[in-house]
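Number of protein chains: 2
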Amino acid sequence: MNKLKELLAELKPAMAEISQQPGYPRAVYEPISYILGLGGKRIRPAMVLAAYKLFNEHYSPQVIQVAQAVEMFHNFTLLHDDIMDRSPIRRGKQTVHIKWDEATAILSGDLLQIEVYEKLAEVGDITILKLFNAMARELCEGQMNDMQFEQMAHVSNDEYLHMIHQKTAVLLGFSLQAGALLGGASTAQSQQLYDLGISIGLSFQLMDDYLDSFGETAKVGKRIGGDILEKKKTYLWNEMWNRLENSQQKEIESLYAEPDSEIITSVKRYMVQTGAKDATLNLAEHYNLKSLETLAQINTVGDQSYLSEIVYMLSSRDN
Amino acid sequence: MNKLKELLAELKPAMAEISQQPGYPRAVYEPISYILGLGGKRIRPAMVLAAYKLFNEHYSPQVIQVAQAVEMFHNFTLLHDDIMDRSPIRRGKQTVHIKWDEATAILSGDLLQIEVYEKLAEVGDITILKLFNAMARELCEGQMNDMQFEQMAHVSNDEYLHMIHQKTAVLLGFSLQAGALLGGASTAQSQQLYDLGISIGLSFQLMDDYLDSFGETAKVGKRIGGDILEKKKTYLWNEMWNRLENSQQKEIESLYAEPDSEIITSVKRYMVQTGAKDATLNLAEHYNLKSLETLAQINTVGDQSYLSEIVYMLSSRDN
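Each protein sequence line maps, in turn, to chains F and G. Per the numbering used here, residue 1 is the first one in the first sequence, and the count goes up by one each step. Per the numbering used here, residue 1 is the first one in the second sequence, and the count goes up by one each step.
Extracted from the complex, chain F is given alone in its bound form (with noise of 0.2 Å):
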């Protein structure tokens, strides 16, 4: 872990700089503070950083705007979304919306998306802001399906594979794709990475639905078995689903209606009984592997041991 180490490092003032608000009214600024200051693992402008160092040794002052636009732009989104999705808890702390309120929550999130928006004109490259809006422009998309998913009681896998490239992996396409443009790829290597962001993306999602039932909650950070109880329709709960009898399927159900059951136990034993967590892991695997080649093919004049470190840590993350 010391390439990842040596880029955190790096990106330490940058990230400092960003949860720095010194604007007025304070009310606006102090929700970006906030959220911003409350950490996270900072892989995305870590990715930025990787796939510059692909093509070049030195940075220039755009790759570390790109990477503070893709930090401030992810924390824009959980901003909104834990707003739509009524969620009171974000890394352990409070969400914005419950600290502050609704309204407060709304504008400075947009704020903070005008800010993302001021980086990247600092960067002052048009294609890097096309990729950037395509890309955002996907994932409030996904956000869509994912909240219009909840309200149907089927959701195809290739249904729910779309929605999870659109919400999680395009941002991280686009992390690696920017950070390689800046540093000197063709279009032909940048969309390479893009594509390797991709196969990251689905490959950490459904790995993440996987610790959402599997997991131990001291390594996963959070109560195990979220998505059980609300039913979310995961690929890992359509694999499972798919393969139960009518029988069990009615008897799922029941236990759903009933109040106090053991209703994660019971579905997580379904789960393994009908090999709907190993097809969840294949598929994470599937995927895996499709980074790895895709990294194999890259063909660089620079440091590849930043990129492969990444991915490999995110690709053996089994808890």
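Some hints here could point you the wrong way.
Remember, identical chains collapse to one label, so a pair may be satisfied in a single copy or spanning two.
As the list claims (entries may be wrong) - Subject to a maximum C-alpha distance of 30 Å in a straight line, what follows is the list of computed DSSO-like cross-link-like pairs (lysine-lysine):
id, residue 1, residue 2
1, Lys5, Lys219
2, Lys231, Lys250
3, Lys231, Lys99
4, Lys290, Lys130
5, Lys232, Lys99
6, Lys12, Lys130
7, Lys12, Lys93
8, Lys93, Lys41
9, Lys222, Lys5
10, Lys99, Lys222
Bear in mind the hints are in silico, worked out from the structure with no lab data behind them. Here the structure is a predicted model, which means the values were calculated and not measured.
We have chain F already, so just place chain G on it with the hints.
Showing chain G alone in chain F's frame:
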């Protein structure tokens, strides 16, 4: 009004284009199509074109894109402000968060904001992008000030004028400035146009406040007295309040505490008696004169008649 009509006719296809939102999922695009289709006076895009015509006879694709961007951005602010202000009605129709729901309104607004930046990326001018960002930041600050003022017992005239500068005037300033720059204005000329937009905006908002109490429902298009009922601390209100005797202030306070009181009639009478109504009209007229002076100073090669008509129309708005 022939010149403005001409501009609005020229804008028609561009305005129709932005209200077509063919993307998927439909649930996130329909509200954007809805709010952009509600109409409105399209005064901001007309100002972009009018400022352009001061310097250039033939439209470029860019000037139309900026005209679209300012109208889209204006509607984005309405969409999100209506959630924050809990407004049920906009342009005689249900607001987005009522017709759909809050989560949809937040997300559609976010997507509309991204579409604004897609237009600005098409324009491809980093200077205009930076001016837009600075304006959008001020507008967010203004909205927060406006919300905070609702909770304050007293707001000074300086604070109020600063707030309407941010919330109303800067977007008009940007519209004229960006149109001028695209037409070929010098930096100094574009700054004059920005200043013109500011004085137009301040006068416009002061007249809007005046008409909210003293207009006619049929002409203004909304119920008269809304600001009074909400006890909004406008310049008009402040000028009245600061001139009242202590006993008169107490009398008004008691009317607010009493249901079904003739509060609107009583406050309006005081607004007239104290001279607050005239003071507001005088300040609006002061900014009008400033607008006309600035207009006269602008040294251009092109057709000034479009912008002149808009300035005269907005400044003579007494109904």
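To see whether the hints hold, each was checked on the structure:
Taking identical chains as interchangeable, the C-alpha atoms of Lys5 and Lys219 lie at most 30 Å apart only when both belong to the same chain, with a minimum of 19 Å there against 65 Å between chains. Taking the shortest alpha-carbon separations for Lys231 and Lys250, only the intra-copy value of 14 Å comes in at or below 30 Å, while the best inter-copy value is 58 Å. For the identical chains of this complex, Lys231 and Lys99 are neighbours both inside a copy (28 Å) and across copies (27 Å), given an alpha-carbon limit of 30 Å. Within a single copy, Lys290 and Lys130 get their C-alpha atoms as close as 27 Å, which meets the 30 Å cut-off; across copies the closest is 40 Å, which misses it.
In this assembly of identical chains, the alpha carbons of Lys232 and Lys99 lie at most 30 Å apart whether taken from the same copy (27 Å) or from different copies (26 Å). Taking the shortest Cα distances, Lys12 and Lys130 sit within 30 Å of each other both inside one copy (27 Å) and across copies (26 Å). In this assembly of identical chains, Lys12 and Lys93 lie within 30 Å of each other by CA distance solely inside one copy; the values are 21 Å within and 49 Å between copies. Taking the shortest Cα distances, Lys93 and Lys41 sit within 30 Å of each other inside one copy (15 Å), while across copies they are farther apart (45 Å).
Proximity of Lys222 to Lys5 under the C-alpha cut-off of 30 Å is restricted to the intra-copy arrangement: shortest distance 24 Å within a copy versus 60 Å between copies. Taking identical chains as interchangeable, the C-alpha atoms of Lys99 and Lys222 lie at most 30 Å apart only when both belong to the same chain, with a minimum of 20 Å there against 36 Å between chains.
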